[in-house]
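Novice: The residues making up each chain are set out below.
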Amino acid sequence: MAISASALASEPLFGLPLAELWFALLFAIFGMFLFLDGFDFGIGVLFATREDAHEREQLLTAIGPFWDGNEVWLVVFGGALFAAFPAVYANLFSRYYLLMFAILAALGLRGLAPEMYEERTDSRWRRFWGAAFVVGSTVTPFLLGAFVLNWLVGSPGLASPAGVVGGLALVALTVADGAAFLGLKARGSLRDDASRDGIRAVVAYLVLVAAALAAVYATVPALRPSLLSPVVGALVGVTVLGTATYVVATRRRRYYVAFASVAVLVAALVSVVGVVMYPVADRTTGLTVQEAVVSTLPLNLMSIMAAVLLPIVLSYFGVLYSVFSGPIEDGEAYG
Amino acid sequence: MIDPTFASRLQFAVTTIVHIVFPVMSMGLAPFLIYFTWKEIRTGKPIYEQLRRFWVRIFAVSFVVGTVTGLVLEFEFGTNFAAFSTTAGELFGGPLATEGMMAFMLEATFLGIFVFGRERVSDALYFVSSVAVGLGTWLSAVWILIANSWMQTPRGFDLATEGGQQVVLLTDPLAAYFNPRFQYMFVHMQNSAVEAVALFMAGVAAYHVFRHHVWGYPVEHPEFWETTLKIAIVALVITAPLQVIHGDLYARHVYETQPQKFAAMEAVWETDSYVPEYIVAFPTDVQDLLDPRTRDLFGIGIPGGASWLASGGDPQATIRGLDSFETEAPPVAIVFWSFRLMVGLGFWFILLAFWASYRWWRGELRDDDLLHKALMGSSLLGILAVELGWIVTEVGRQPWVIQGVMRTADGVSPGLTGAEATFTLVGFVTGYAALLGLYAYVVVRLVRAGPPSGSDLRANTQTPTVESEVPADGD
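From first to last, the protein sequence lines stand for chains A and B.
Counting in our numbering, the final residue of the first sequence is number 335, and the numbers go up one at a time with none missing.
Counting in our numbering, the final residue of the second sequence is number 475, and the numbers go up one at a time with none missing.
Just so you know, the hints here were simulated from the structure itself, not pulled from any lab data.
Check before you lean on any hint, since a few could be wrong.
As the list claims (entries may be wrong) - Now the stretches of chain A that chain B is said to cover, found in silico as 3 or more residues with beta-carbon under 8 Å:
1. 63 to 71
2. 103 to 117
3. 303 to 315
Claimed, not checked - Sample of chain A residues with no beta-carbon within 12 Å of chain B, all distances over it, derived:
4. E55
5. L98
6. R124
7. S189
8. V220
9. R283
Keep in mind the model is a prediction, meaning the values are calculated, not measured.
Just so it is clear, CB atoms sit at the ideal spot from N, CA and C, and this is done for glycine as well.
Model the full structure from these sequences, guided by the hints.
Specialist: Here it is, written out as structure tokens:
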């Protein structure tokens, strides 16, 4: 081995600030999950607006090949949090015990519903699993938003004002995400109606993000200075621009631009949360990023692992998305 | 309200016992799917396309339910066993994160192509997808078993106290991750998954073969089911003997590294030599029901058998008794009986494998209705054997969550209330029962429907399927 075990144990790789990098990486992974699985959630919400069986089938076909892979980013987020900041992982997950289980239940419903929906064609069965799909897809981003905002403000209980508004903001964002994705995958009235809903959702998102930031400002005095920092100001500016781009691009039917602007919105959102939270990693216990991080040897190992694996993962995600690029075709299904 | 420690343990047990069904299905199906895809591409025969398309549906459903239930397990370390997670996180979190990045991602991404992409990608990329999916499922097992085996035979770490809490510090990653138990767990688990799926395939195929050839019902694609049965028999002949041979080595390793677990497996209460291997053992007093072999026992044993097995050939070898350990014994009855049932099933599978191959060799595979019934009855027993094996592994190591380092009771989340734990326990038991029921419902529907019909197959235009109304053998 080129790098000896003792060197790995004594100092961070290349003298890098690995604790900070892992803190940033966590938000990047969460953002990846939010952007990719976000369109799956959004399509799940939009599922409620379609009555036609063929259109509903198209919605499921649009996300069919992708959603498994998209959801794994949440698994990676959980694993990375556990690996790099075990104390934060343990404190957060046990403190928001019931919230975590609600998330798991909603996520389970969301994952199971499309699979079940496809099993039978009779209307009672399809109504039930269609509804389960909608509920799972709406509740999951809401609870995830509440979880992240609770984490940010260090709420001791399950529901904080910031958490509720943050949850709603995330639902709106996923609808905008899903609508933009449908712009790429669907045609006709399905796409046009989704675009209209997407524009409404992205505007609602902007309002709700502003409300969430205001709620954080009002309830946690300790976070006020970082909320007023220039970086956060710039990120809010990016959010306004991203929203405007989404609206204009959708109206002009530039769906790739609209989809890309959702990526920008997600990046801005997770950046705001990370920047405002830093240097604390868990407000309730007061643990800082430096205190919570694991020791040098495992951190170096994990960094090597991530540096090698994440580019590979991104490259085969590229393969997946290019294989299934373009509008869905009729008759696409299993095997 | 149930005590939070007990509720957490029960919840983890329930969620694990249900979850393990789905990885077993996907890990066991993976090599079959790679084989079907390879043959489909190389030979162009419709039967292989049918095989792939039929079994990929079952794989996909297993994968979805496995994802849903597996995410729960990953989160449960944080929600219910926060003290354990804080203590062991630096060593235990790494493998979990790596599993996600290295294995689960690979499996989930290429599954998208494998399930939906046959028409969209080249044969080469399609075959690569099948291998990537299979590799992903097996690599998942590598990292999960690295984490689990470390808890059984922990190595490569120091203990320190940080902020009043005991923490594990990783010192030697290779020693920690490739700890002595890992290879035993991995080989035993992977082989058992293939064996369990082979049994399931054989049972499903036998059902259709039986209906068609014994009862004379018209079955679509009788040749499909016969081929499935033959492939399953081949897999069974390979995996069943291996599992028992390897199991013997594994048990000896447990004797050397986890003597308390071994004593529980054999229900040895007092240290002794020339210990018999009990096939069955019952206490004669109802009060001792949970302690097999305590006293006044009624049992059938092979003299010196347990000593002989533990030492690898010496019937006089000494086995440490449960009362010689400082820590309380694990629930002996559960471990003792699970172990016996698992081993008994292992031998039954060998018998089945050779019975079936003998009939095949004689050309009587279609006619032996007793064999068909035995295979049908055994279709889920492979999965049962895996469950029993995990019960021996996990219950047997109690009271330790990390052998010799941390007790399970000390690993539970400190702030967890009995009400919270009870609430989620009830939720999980109900939810998982529903999940298992739905899964079974879907799989039964798929099995009944059978493979896609001739007209649905892309490459099947040249060989229309002949539907026979009479049994092919005419009996």
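Novice: Check each numbered hint from earlier against the structure, then list the numbers of those it violates in ascending order.
Specialist: Those not satisfied come down to hint 5.
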